[in-house]
Structure formats: C-alpha cells, structure tokens
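**Q** Next come the chains, spelled out residue by residue.
2 protein chains.
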Amino acid sequence: MQTSENRPQMLDRLQRTLHDKKISTIIVFEGLETAGIGKQINRLIQALDPRGYRVYDMSTPSSEEKQHPPLWRFWNRIPPKGQIAFFDHSWYHRAFFNMDPAHPKYAEEIEHISDFESTLSADGYIIIKIFLDISYKEQKKRIMKLRKNPALSWKVGNRHTKQLQKHERYMLSIRQVITHTDHPYAPWTIVDTHRQKKATMVIMDVIIDTLQKALEGSLPTPSPVLPDALPKMQIDNFEPDLSLSLSKPDYREALKAMRKKMSAMQNTLYRKKISMVVLYEGWDAAGKGGNIKRLTRSLDPRGYQVIPIGAPNDEEHQHHYLWRFWRRLPKDGHIAIFDRSWYGRLLVERVEGFADEVAWKRSFHEIRQFEEALIKHGVILVKFWLSIDQDTQLRRFEARQQDPDKQWKITPEDWRNRAKWGAYKVALDDVFRYTNTPRAPWHILESNCKRYARIKAMEVIEAAYRSRMSNPPNMTKARTLMGG
Amino acid sequence: MQTSENRPQMLDRLQRTLHDKKISTIIVFEGLETAGIGKQINRLIQALDPRGYRVYDMSTPSSEEKQHPPLWRFWNRIPPKGQIAFFDHSWYHRAFFNMDPAHPKYAEEIEHISDFESTLSADGYIIIKIFLDISYKEQKKRIMKLRKNPALSWKVGNRHTKQLQKHERYMLSIRQVITHTDHPYAPWTIVDTHRQKKATMVIMDVIIDTLQKALEGSLPTPSPVLPDALPKMQIDNFEPDLSLSLSKPDYREALKAMRKKMSAMQNTLYRKKISMVVLYEGWDAAGKGGNIKRLTRSLDPRGYQVIPIGAPNDEEHQHHYLWRFWRRLPKDGHIAIFDRSWYGRLLVERVEGFADEVAWKRSFHEIRQFEEALIKHGVILVKFWLSIDQDTQLRRFEARQQDPDKQWKITPEDWRNRAKWGAYKVALDDVFRYTNTPRAPWHILESNCKRYARIKAMEVIEAAYRSRMSNPPNMTKARTLMGG
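Chains as they are written, first to last, in our numbering: chain A, 13 to 496; chain B, 13 to 496.
These are computed hints drawn from the structure, not numbers from a lab.
Pairs count within a copy or across copies, as identical chains cannot be separated in the list.
Derived DSSO-like pairs: lysine-lysine, alpha-carbon spacing no greater than 27 Å straight-line:
| hint | residue 1 | residue 2 |
| --- | --- | --- |
| 1 | K343 | K78 |
| 2 | K343 | K388 |
| 3 | K285 | K167 |
| 4 | K153 | K272 |
| 5 | K388 | K78 |
| 6 | K285 | K78 |
| 7 | K78 | K167 |
| 8 | K167 | K209 |
| 9 | K268 | K157 |
| 10 | K284 | K78 |
| 11 | K388 | K117 |
| 12 | K343 | K167 |
| 13 | K273 | K285 |
| 14 | K273 | K388 |
| 15 | K268 | K305 |
| 16 | K284 | K268 |
| 17 | K284 | K117 |
| 18 | K373 | K34 |
| 19 | K273 | K209 |
| 20 | K305 | K167 |
| 21 | K210 | K152 |
| 22 | K157 | K272 |
| 23 | K343 | K284 |
Please put together the full structure from these sequences, using the hints given.
**A** Right, here's the structure in full:
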C-alpha cells in the first residue's frame with residue numbers, strides 16, 4: 013500500500029489493476045433529488061481512465077425498457093470484465109419510492125433485488141452501493157435555491173415537489189429497504205452530503221477500501237446455491253415413448269389447423285402485449301431446425317425472432333453467462349424462439365468442461381431465477397426437449413453425409429457429441445430434476461417421427477397460451493400497482 | 013449452377029456461400045399497407061438459416077431513435093459480415109410519404125439516401141430494394157376484408173385510411189423517388205403483389221439473381237469518390253504558433269470563468285435538446301486526456317460521455333468502418349467527447365497500412381458525409397487537433413518513463429509512432445486539406461503549454477455553441493417540416 017498517494021491516484025491505480033485482473037465493478041448511487049449524485053459521480057470519474065468506465069443515468073426507463081422485465085435494463089448494462097459501471101439510480105427505485113414496506117409484494121421485491129446482486133457477486137462482480145443522504149431542511153433549501161435561479165429552475169420537477177411533501181415517508185421506506193438489502197457481498201454506505209467535499213472523500217474511501225479488499229481476495233461473496241439445496245422434481249415422466257408418430261395425411265390436416273391457431277395466437281399476444289419465449293433443446297439431428305420452421309411459417313416476421321445460440325462470442329465472454337440471454341429477450345407482444353438456450357451451460361458446457369464445476373452448479377439456481385423473472389413479468393415460457401433414440405440419430409447422421417446439400421450440417425463435432433451420449437444423458441437428467449419447475453416445466457417432443465413432434469410443439473404452445481390467457485399471473489397486477 | 017435446385021434450395025446454398033465469403037446483404041422491402049411485406053419476408057426466411065439473418069420492422073422510430081439523426085437507426089442495424097438484414101420499411105419512408113417532390117429539400121433527401129447506399133455498396137454490401145406494388149382497388153379490397161374480420165380489424169389504423177385517401181398522390185411521389193434512387197449498385201424491383209405466390213417467386217428470382225452476380229463479381233459498384241474529386245481547403249493557417257502559453261494565475265482565473273460557462277452551456281443544450289460532438293485528435297503526449305478532463309470537470313455526467321477510440325474490436329471489424337461511430341452518437345441534448353475518432357482511418361490506419369489504399373481514400377468523402385449528416389441534424393460538431401513539437405513530445409515521453417505512476421502510459425508503440433512523425437504529418441496535411449470544411453472546421457490547440465490548450469478548447473467550444481444558438485442550421489426547420 014502506497015500511503016503517499018492521494019485518493020484520486022489510488023483510484024487510478026486500482027482501476028488499472030482491476031482492469032488487468034479482469035474484475036468488474038458496479039457502483040450504485042441512490043439518493044433523493046438534489047442529494048448531488050451527478051456531482052459526486054463526476055468527481056469520481058475525474059480520477060479514472062475513460063476507457064474503463066461507463067456512467068448510466070437510470071432515473072427514467074425508456075418506452076422500450078418498459079416493455080421488458082424490470083431488471084432487463086440493468087442486465088443490459090452490467091460492465092464487461094475489468095470495467096466499471098456507475099449507476100445513477102438503480103434497481104432500487106421501485107422498492108424505495110413505489111412500494112410500501114407493508115405491501116404484500118415487498119418481500120418478493122427485496123428477494124428479487126438480492127438475487128440479482130448475489131448472482132453477479134458470485135460471478136466475481138464487485139458491488140458498491142452508496143446512498144447520498146440529505147435532511148428535509150437541506151433538500152428544501154437546495155430546491156428553493158434551484159427555483160430562484162432562472163438558469164436552473166427548469167430542473168425542478170414533480171419529483172422534487174413530491175419528495176419534499178413525502179420526505180418522511182420516503183425516508184422510512186428507504187431506510188427499511190437499505191436494512192433489508194445490506195448484504196455482506198453488496199453492502200450499503202450511507203453518506204451525509206450536507207458538505208459535498210467531505211462526502212466525496214468518504215465515497216472515495218469506501219470505494220478504495222472495497223476495491224483493495226477485492227484485490228486481496230478478502231471481500232465476502234455469497235455462498236453458492238448448489239443443486240442439492242433445490243427441491244428435486246419428479247422426472248419419471250421424462251422417459252419418452254418414441255414410437256409415437258403421425259401419418260402424412262393426419263399431419264397435413266393437423267398442420268393446417270395449427271397454423272391458423274398460431275397465427276391467431278400471435279395476433280392476440282401482440283394486441284395484449286404479452287410476450288412469449290420458446291426454447292428448443294434436444295439431441296443433435298432431433299429436428300430442431302425443421303420444427304422451428306414449421307412453427308414460424310404461419311407467424312408474422314415482424315413479431316417473432318429466431319435466436320440461434322452457439323458458443324459465446326468475445327463480448328459475451330466478457331459478461332455474466334446469462335447476459336446474452338437477457339439482452340435477447342423479446343419485448344412485450346413479441347415472440348422469441350431460442351434454437352438452443354441458456355441450458356447450454358448445464359449441457360455442453362458441463363459435459364465439455366467449458367464451465368468450471370462451481371459455475372455450472374450455480375447455474376441451476378440462477379436459471380430458475382431467470383425464468384421466474386420472465387414469468388413474473390407475464391412472459392409465456394415454453395421449454396422443449398427434442399428426444400430421439402441413438403439409432404435414429406445414427407440413421408440421420410448417415411443420411412446427411414450422403415446428401416450433398418446437407419453435408420455441411422454434419423461435422424466431426426456431431427460425431428464426438430454422439431460418442432458422449434451417456435455423459436449428456438446424466439447432465440440432462442439433472443436439468444430435468446432441478447429445472448422442471450411447476451411454473452416453467454419441460455415438454456418432451458418425441459421426435460423419432462418429426463411430423464409428430466412438429467404438431468405436438470404447436471399444441472403445447474397453444475395450451476400454454478390458453479392457460480396464460482385464462483389464468484394471468486397475479487404478478488401482472490402487482491406490476492401495475494408498483495410500476496412507477 | 014445446379015439447375016435442378018428449387019428456389020428455396022438455391023437461397024439456402026447462396027446464403028451459406030455468402031456467409032463463408034463474408035459478404036453482407038441488405039434487403040429492403042417497401043410498399044403500401046396490405047401489400048404483404050410481412051408475408052413475403054416470412055416466405056423468404058423459411059428458406060434461410062436463422063443464424064444468418066435478422067428481420068427489422070422499421071415502420072415506426074422509437075422515442076430514442078427520434079433523438080438521433082434519421083439514418084442512425086439504420087446504421088445501427090447494418091448486418092455484420094456474411095449476414096443478411098431484412099428491412100421491413102426503410103430510409104425511404106420520409107421521401108415516399110412525407111415529402112412532396114417539389115419540396116426544396118427533396119433533392120437533398122435523395123442525395124442523402126443515395127450517399128448512404130453508395131457508401132455501403134462501395135464497402136461490399138449487397139443492396140436489394142423491393143417495392144411491393146398494389147393497386148388502389150386491391151388495397152381497398154384488402155383493407156375492407158381486414159375490417160370485416162373481428163380478429164384482424166385492429167390492424168387497420170390511420171395509415172391505412174390515409175393511404176387509401178391519398179393513394180394517387182403517394183404513388184406519384186413514390187414512383188418519382190424510385191426513379192431517382194434506382195442506382196445500378198442499389199436497384200429497385202417493383203413487384204406486383206396481386207397474386208402473392210407469384211410475387212414470392214419473382215422476389216426470390218431477383219434475390220437469387222443478385223446474389224449470384226455478387227458471387228461472380230459482376231455486380232456494379234459505385235465509383236469511389238477519391239480526395240482529388242473533393243474541393244481542396246486552404247491549410248495555411250494550420251502552422252501553429254507553439255509558443256503560445258498561459259501563466260498559472262491567468263489559467264486559474266480563465267478556468268474558473270470557463271467552467272461556469274461550460275456548465276451553463278450544458279444546461280441550455282439539454283433543455284433545447286441540441287447535442288454536441290467534440291472530437292480530440294493529436295500527437296501522442298499532446299495532452300488529450302488532461303484537456304478532456306478539464307472540460308468534463310464542470311459537466312454533469314448524466315449528460316456527457318467520453319468515448320475512447322482504440323483499435324476496433326471483433327464486432328466492429330464485422331461492419332463498415334463508420335458503424336462504431338454512428339452507434340456512439342449522442343442523443344439530442346447530450347454531449348459526446350471522442351478521445352480519438354473516425355479520423356483514425358486517415359491517420360493511423362493509413363500510415364500503418366491497416367486500411368487498404370482505396371478504402372482510406374474513400375474515407376475522406378465518407379467522413380465528410382458523415383459529419384454533414386450530424387450537422388444537418390443540428391449537432392454542434394467541434395474538431396480538435398492537439399499540436400506539439402517533436403522536442404516537447406520527447407521531453408514528455410521521457411518524463412513519463414521516469415514517473416512510476418505514469419510509466420504505463422508510455423509503450424514501445426508510442427516510440428514507433430514517434431519515429432513515423434513525417435508519415436503522420438503527410439497524412440495529417442491531407443486530413444486538413446480535405447476535411448476542414450466550412451461547416452465542420454478543424455481547430456488547432458497549440459499544446460506545448462497545456463494550460464493554454466485547455467482554455468482554448470473551452471473557448472472554441474463556447475464559440476461554436478454561441479454560433480449555433482444565434483444561427484440555427486436551416487435543416488432543423490426542414491426536419492420538423494418533413495418529420496413524420
């Protein structure tokens with residue numbers, strides 16, 4: 013420790029070290045209006061290399077952001093490895109200002125926030141949360157001063173007035189939320205901002221101290237939620253009857269009827285602003301591509317998107333594993349079809365050793381939370397596993413190899429995967445065991461007969477849609493209630 | 013050529029070949045309501061691998077998109093190398109529907125569109141433009157049919173009614189725009205859609221034909237606009253007087269005054285929704301970082317962003333060179349400060365041979381167009397070159413090497429660049445000669461004395477701001493007039 017350095021120099025040095033060690037930092041600023049968030053962030057970034065940070069003004073969600081689950085705009089902005097993100101207002105807004113602690117959804121909201129932070133922290137992100145405190149008297153004084161200044165009075169808006177009126181009530185709520193979210197891995201610091209320069213020093217000290225601890229490895233991290241801690245699901249019903257099939261004439265007739273239903277469904281979803289996520293997983297050559305094509309043929313391309321998931325690219329590697337899925341979530345009223353999905357973590361990445369054991373074991377819980385966040389937002393989630401037997405796979409591999417138009421579809425990797433059928437089966441059983449939750453169940457598509465699987469896929473989607481329409485999640489109501 | 017293939021098979025094969033050859037394709041669909049754009053795109057994509065295309069519904073700009081130059085939302089979505097982008101409605105909307113051909117800005121709009129297309133085409137993008145034609149009678153019939161269907165009548169909106177009312181006028185305007193933008197490198201195809209299945213075949217044939225020509229290398233490309241074709245600017249005034257300096261006390265006083273002005277300026281820009289782009293270029297060790305810091309210290313971080321430009325990353329390499337700058341443009345009311353900029357193309361990329369000669373030579377013109385697009389949107393653009401002499405650079409390099417806190421700032425690359433001073437000077441003279449336009453002039457910051465340069469930077473910014481406020485570009489008015 014070089015004690016001769018001043019605070020900005022220390023911050024500058026720490027930023028470089030964190031960058032080299034690829035450690036990401038999230039610094040949250042919260043506070044009432046006129047507490048000076050802008051000023052404090054600006055003083056901090058003066059010490060930093062602009063290549064290494066981004067500042068996000070999160071006070072008001074855009075119209076597009078409102079059409080996604082509430083955490084979407086924050087997941088989108090988590091910093092890549094080695095970088096710092098400053099959040100000027102954050103995921104606390106709703107709990108602070110739009111929710112009475114007596115509200116029945118309050119506990120759920122706190123849990124939601126805490127899960128988000130613990131997921132990031134477990135992945136190595138440093139989280140620093142700063143609340144800039146200001147008394148009623150001081151806030152009133154500052155607002156009056158702004159009002160009197162003709163060049164600045166436009167800054168005073170409804171929020172200011174409301175906060176002055178409800179100062180006490182807001183502060184009560186905020187203090188409670190802070191207490192409930194003051195986790196060792198994401199602690200709060202309350203900073204008195206009556207004297208702004210002193211506040212800057214306090215803030216810098218907190219940040220320097222946290223970053224140094226992170227570099228020493230002495231920062232607390234949440235204990236990972238391993239699969240053993242999760243309720244196990246029955247998976248008896250996951251032994252598919254692969255003899256199920258459909259004749260060509262029956263298929264044609266069923267397809268015609270289903271296409272009309274899919275088209276009508278899309279129209280209704282669009283009008284009612286309900287989004288849908290369909291994910292396809294399955295054995296190689298089980299027929300995912302063809303199944304997706306039959307589904308999309310009757311849909312309007314303006315309202316759906318097929319999202320093929322392969323190995324993560326450079327940018328995706330620089331973020332938490334779930335980042336790339338959060339980013340691609342459909343906006344309200346739209347349909348996203350994932351051709352392979354976040355379950356890659358628990359299948360290919362586990363089997364091939366691309367993810368280390370703690371990382372993939374954590375993912376069962378993280379994926380459940382992720383899916384739960386979608387469902388709470390009102391998304392219809394449908395998860396498909398396309399099942400075939402090994403003989404059928406072999407026959408299809410060989411047929412591809414003999415067809416000059418399909419040779420490109422079959423690679424040495426497919427053969428290597430096939431050789432690991434057993435290891436994938438073990439991983440798959442765990443996927444079913446721990447992620448086949450009542451609200452986000454798996455559906456097996458028996459795909460030895462592709463026709464059968466295609467019709468069943470649409471039937472399952474139709475059923476999920478009907479069930480959602482006749483039985484909206486009570487969260488939708490809560491969302492409206494809280495939505496500020 | 014395998015004539016035994018059907019159309020979807022040909023498309024499938026062509027897509028794979030284009031992907032392997034890293035050729036990007038832009039397919040634009042335009043047409044009146046009910047012409048069937050959605051249906052036609054959906055039929056096309058059934059033949060394609062979803063990993064290789066994206067469909068964009070561009071009919072209505074979002075609130076964020078409206079706060080950027082009109083082409084911003086299209087630049088953001090140009091496909092990466094080897095990929096296809098389908099645009100359902102496009103950059104033609106304004107010319108088609110919001111602009112009388114007799115409008116004084118009409119010619120400008122056509123030029124703007126044509127420049128965009130020729131820039132992409134010159135960079136290797138294939139551009140296919142399809143107009144789905146429909147008669148008044150047929151449109152009326154389809155709208156009536158929609159209206160009568162209780163499940164679909166919600167789809168009929170103001171646009172439909174308006175288009176029926178003004179069918180003739182719109183079609184006159186559209187036909188004229190199509191004639192004026194039917195370039196060999198980005199030709200239009202008008203497709204009769206009264207019989208939708210036949211239309212699909214025609215569309216597929218056009219696309220197959222164009223893609224095949226592109227692969228054979230027989231697709232016309234625009235002739236590059238080389239610097240010699242551009243008006244040369246006087247550059248006598250670019251020999252800086254590097255003896256200019258400012259004493260510490262004078263600096264402190266000037267700084268104090270300028271900081272107030274910068275802060276007030278930011279407030280006004282924010283309120284009036286005018287954005288500003290400041291770019292910094294200059295010799296290594298000329299003091300860009302320190303200059304930017306002094307400028308930003310008095311700004312609110314919610315309203316500005318420092319954007320450091322280094323070597324392009326993987327994703328950036330997959331797009332046209334200007335893509336990464338378009339993406340980072342500030343929204344209305346915000347300030348973007350580029351620490352290095354798009355001029356890297358004409359400096360480091362030229363000198364180091366990272367860009368081939370035709371590519372960087374084309375860039376003079378492309379950059380002028382890019383800057384003109386900003387100015388037309390009302391952006392205040394300020395371009396700085398930080399000038400120092402070689403002795404000063406040497407002294408600063410040596411000082412950095414001796415300071416343990418600054419050693420990281422100096423790398424062998426800096427020394428290599430220094431050895432190429434002469435080559436950079438030649439490139440720089442060309443930059444001034446061809447891009448010092450009256451509306452986007454360069455400003456030299458004499459930076460042997462850093463204090464002098466810092467104050468001058470803010471003075472230049474202040475002057476640019478004053479000039480913009482007292483003399484708004486007439487484009488702002490036109491924008492409102494046309495803005496649909």
